[in-house]
Amino acid sequence: MKDATIEEIAEVLPHPNADALELAKIKGWQVCIKKGEFKKGDLCIYICVDSVLEDKPCYEFLRNKHFRIKTVKLRGQISQGIAFPMSLFKTLGHDTVVFTEPDVIGSDVSHYVYAKHYEKPLSAQLAGQMVGLMPSYLRKTDEDNIKNNPEIIQELTGKPYYITVKVDGSSGTYFYKDGVGFGVCSRNYQLKEDDKNSFWAIARKYDLENKLKNSGRNLAIQGEVYGPGIQGNLLGVKDIQFRAFNLFDIDNYKYLDWKELQEFCFYNSIPIVDTIDIGPSFNKTLPELQEFANNLKYDNGNLAEGIVIRPTEESYSETLKGRLSGKIISETFELKYND
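The C-terminal position of the sequence shown is numbered 339 in this note's numbering, with every residue numbered one higher than the one before it.
I should point out that these hints are in silico values taken from the structure, not numbers from a laboratory.
Heads up, none of these hints are tricks.
Within a straight-line C-alpha distance of at most 27 Å, the following computed DSS-like cross-link-like pairs (lysine-lysine) qualify:
(1) K140 with K259
(2) K56 with K34
(3) K336 with K34
(4) K205 with K192
(5) K34 with K73
(6) K336 with K73
(7) K120 with K238
(8) K40 with K2
(9) K205 with K177
(10) K65 with K2
(11) K56 with K120
(12) K284 with K259
From just these sequences and the hints, can you work out the full model?
Here it is in structure tokens:
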């Protein structure tokens, strides 16, 4: 994931409620900027939401935010991320000549501006003891925000698709591989077996070891672990639960189609994420998807975190150089819960 990139200011619009501010369009994001700081076509250093910056003098204004970039409202307008002028490189002691190539747009400059992805701390019942990093024959459960790469919309257009609810919890991976056996992973690490660990509790609750082993294939199932003590338990359930969203073929190093995930979960009585829209030909716009996400709620009435959009048959994304899949995070959710 790129936390800081060089981007082009696609558009600059007046801020309806603030004379000293303007609204910049950067990729799929809206960002509040100082009036006159940028014009259409300018390059900027864009630092995306859910990034955290190191303690540097030029970031002092973010100290009370613990240097974390969040979705905010400024005088009634959503602002997601921060746009810095290219002079930030010199402020931080770097030579901007390195970044003047024709294909500079989209360049990852996280290292140069001391930006990294913000990781929510795991609760005690999730953290557990590590075996090591997630094995290299698996894939992490990263989902690109479509607003980072709006071109994904065009790649999805015309394809059979499905949209699911994004569960607010912590992602877990459960796998069985010949010669290795059964394993449990958090988002980044393989975990030692522990009766007190919630990821392992899910493995036992749904008998995932035997179900994966009995498939006759080397598979990994990935999903969201949620419940009491996890991210505020916004779904309001009484015990720890699981919703699957991926089925991964380890031997062929690829995700399996939506139908295969559904069938595997149905025959093995494993809960799956809720499908809220499915159709033969995707034709939605980014604003439509954002509005859909903003108004979505869980069954208990709490705001939902967002949505995930995928083709029903696994496809390659030229934009992402990998799996065609993306999420839209609810702006209303972020404003209310993203502490």
